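Asks: Each of the two chains sits in its own frame; use the hints to bring them together as a complex.
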Amino acid sequence: MKTSRMFPDQAAIRARHAALVAGSQRERWVTLAVVLAMAGVALLAIVRLEFSFARLGSGIVQLGTFLGLMVPPTPGTQLWALLKALAETVAIAFLGTLLAALIAFPLGFLAARNTMANRLVRFLTRRFSDSIRGVDTLIWALIWINVVGLGPFAGVLAIMTSDIGAFSKLYSEAIEAIDRRAGEGVTSTGGSRVHAIRFGIVPQVMPVLISQMLYYFESNTRSATIIGIVGAGGIGLYLAEMIRTYEWDQVAFIILMILVTVAAIDFVSSRLRLAIVGERTGRL
Amino acid sequence: MAHAIPRLPDTQIAALSAAYRSAQAAKRRTTLIGVLVLAILIMVAGRVAEVDLVKLWNNAGQLTSYLGRIFYLDNGKLVFTDVADWYWGLGRWMSRLWDTLLIAYLGTLFGAIGAFFLCFAATINLAVNPAQRFLARRFLEFCRTVPEIVFALIFVVAFGLGPVPGVLAIMIHTVGALGKLFAEVVENIDMKPVEGAIASGATRWQAIRYSVVPQVLPNFASYALLRFEINVRGASVMGFVGAGGIGQDLIEAIRKFYYSDVSAILLLIIAAVMIIDLVTERIRHRLISLEHGR
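Protein chains in written order, with the working numbering: chain A, 13 to 296; chain B, 912 to 1205.
One chain only, chain B, in its complex shape (with noise of 0.2 angstroms):
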């Protein structure tokens, strides 16, 4: 059966195709001097980066070849073949594996604990006045933009080599970014507990102990778990300037070319890195289930 379809009149029709026409192409015309521009500056950017593609298209072989070379040993055998010469430094390598996630677990442990004290001040609901909450915010901002190999590598000409440097960097990091995702928290917590204890002589800290604690603290909890994740990879990397954990072993193995030292090295990391982000991942889960059961 058809449908008669009603019909504009051509004046009409001819007036909204104009329309659309105009609109399509200031559309295309927007898109076309964005492309432009990204265009630009990927020139610019690829002449200050000393982007050169010829040399890397010589050199790939290299990277394949790198990355091949890491996988066998010093008498040309696979790394596969004999797995105990490969990982003949095993012992040792555990031992600043376990330093690294010491200093990560540290590091994370004091920085969230500086964070919470800190979090309160920054946010809209809870600081004392606009003037703690813009000092607390420009300070948690501070620690957080500064790279943690900065303070590393100035905590290490303080503090001396080792580990010390390392978990107070990523301390501080750590305050920075979790001070930050803490006060966002906060700032999304249902009030009226909080009006209810201060109304019946609650302090300020007693109102955060019994009325946005328990709010908030599979949150943090959560977020602590996830920035722990992240500091393990950033203490493997803290041996790089002296500040302890297995980065130190690695650098060395790539700096004087122990090829399958890299690899072994490397792989022991990964596999790190991916356990505690199964764990964590898993306890993450649960404390959101947690949450929203409530």
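Okay, chain A solo, but in the shape it has when bound (with noise of 0.2 angstroms):
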């Protein structure tokens, strides 16, 4: 910075407000060392992972060809085929989502802090189902695979089995975070637990749970397009054959096809969102 005009004399102000700048250097140093610290790990990367100015160059060029020969993209001789590859990827998001949000709907109850008052359930619950949630959905699908055959069904349990651990986790938070309140209310007038939780906790989660049902659903697309490189049905069997027969111009069809397809959905789960749940509680 420049020597400022309206307070010439610095160095009296240094030293009336010492601690000030003493303690912006103190955290000037923490911001260079992990500055540092990053750009030495990436460094690392770099080196390890192998990447060298010339390989990207020549990657890029290609990928620059790939690109001109994207264009125009058309559906081959296909279509017919891939509109029900698309059709089967939806209703295997579909499905997946909403079988993920009924099993997951109990081990919410099981894993939240106001429900469970056993720490060893609960304990166990959460670990289940983080370790669910460890596990990508293509390894899902392949280990469902083994069970079911290939095809889409395989796909709907990967995408269900995935999902049953970020539900739970979710459910488990919203329940967390009610006002306890209105089940104190049906208890005192005589209700069970179980009425407890049906009239007194259930009105008020599930707002959340169905708009969080409906955000998984359009990112479960999302994932149901790619679980078909593997072998569990939909548009992702087509898509991985067509990159690797390198039919750039049908690549850039079935992309297309799968982002018009997420719009749609977006749009149409944000409607039914704000129809079901109102707009307030989109936040909670």
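Read the hints as simulated data drawn from the structure, not as lab findings.
Owing to the predicted nature of the structure, the values given are computational and were not obtained by experimental measurement.
There are no misleading hints in this set.
Cβ pair distances, simulated, as ranges:
| no. | chain 1 | residue 1 | chain 2 | residue 2 | range |
| --- | --- | --- | --- | --- | --- |
| 1 | B | Gly987 | A | Ala275 | 46 to 56 angstroms |
| 2 | B | Asp996 | A | Arg38 | 49 to 59 angstroms |
| 3 | A | Asp261 | B | Ala1110 | 49 to 59 angstroms |
| 4 | A | Lys96 | B | Pro1041 | 33 to 43 angstroms |
| 5 | B | Pro1104 | A | Lys96 | 47 to 57 angstroms |
| 6 | A | Leu75 | B | Pro1104 | 39 to 49 angstroms |
| 7 | B | Pro1041 | A | Ser282 | 15 to 25 angstroms |
| 8 | B | Gly987 | A | Gly161 | 21 to 31 angstroms |
| 9 | B | Ser1111 | A | Ala129 | 54 to 64 angstroms |
| 10 | A | Arg26 | B | Ala1110 | 19 to 29 angstroms |
| 11 | A | Val206 | B | Pro1104 | 49 to 59 angstroms |
| 12 | A | Thr201 | B | Gln935 | 17 to 27 angstroms |
Glycine included, each C-beta is placed from N, C-alpha and C at the ideal position.
Replies: Pasting the structure below:
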């Protein structure tokens, strides 16, 4: 910074606010250390993962060629098959989300502090959903293929499994955030614990659950487009095949189809969310 | 002591209860229609996705037997009895896991940097003009809608097998995902410091540096850490399409039915994800409390 015209006596100011200056100095050292550490790890990664400008350059040139070949996007001769695969993708996402929401519903209550007093049950439920969440959808798809064979059904089950973990975590958080007075009111008028949950807790958490479900439906449509890569149904199979056979114009067409579908589902689900939940419960 | 409860005249009660009944009936009708539509959708979707409950029922045992089998060694003993044999490839797997973490790290870092420079163009309050905002938003949307594994598939063809396409795929997806979150944070800032900086002659980027960044940095860092955690999970399957990391060993083990290897690698991934989950959550809580402290 240039010397200020208004306060020429900087030394005096520094002396007067010595504590402030020193404090910011320490902060600066911490910042510098963090940035240096991050840069160091990045450098290590670049070396270890064999990044090189030559490779990046030739790759980008290749990508440019592919992009050129992508115009104009065409469905080739298989428009009908692609549409069918796309419908399959949406169906996989829809069923997977719905099943996961249903199964995670009781798990959410088991993992919430205010509905489950037993610490062991809570701990086990949470670790269970954590470990399910730690495994990617694609891995679950591979495992389910071993059970029900290749095809979209394995995809439904894969989406379901990986979402059970996510949903039960979100649900338990929503349940823990509620106002407990409604439940106490039900109990005070002679209701049982089940009544308290049904009339005191469920009405409060339902809007959150539904809006989370709709949100996940959209993101699952995205996941469902790729599980076909390992053979679990949907449009991913065609996409991977077209990329491997260098049919770039068809690749572009499939990606456009996916983009349009996801945008449409986003639109519908946000409309539905507004209709069912109302605007104000959007963030809770 | 009894209180006299005033009772409305019968005609008024009748009118009111009729109104209540019709309101209840309308609500019930809406619910019923909703349930019916949902049921029809489920039937159609079940048909399209070839849901076969009989098959699931018949083969349900296979899941448990598969999950059971991955915990047995080739010699028929439980894996826990001979950990050295179970984790025979520990050195190699740890090195691949380290690769995976580095892929996620580099992808997150580059992606966060890209998102930082792009996010201001996508905001309502700091974009130069609506056209720029529109373009920036559509670009971010494209980056996050196309799944990263699709980018990885394309990049593997362009850049060759190995971790490089994995890093680039994660980077592009991260630009899209973080760009949107960053833009939302920037839209919620206090604009007075920005106006002050501009009034004293700052350029756009100077105003961003001295008035916006101090307000948003803790939030940006917190979102980036959350993304890192997600990206570790994403990087663990990059190897499925040949884009580096531990996924390569995992898919080989699953495809070739090396049962005990599957459980060994899966447990390594789960442990890594959980540890990173815990650590990033700690840091994020500190960052958020830092922000609230100000």
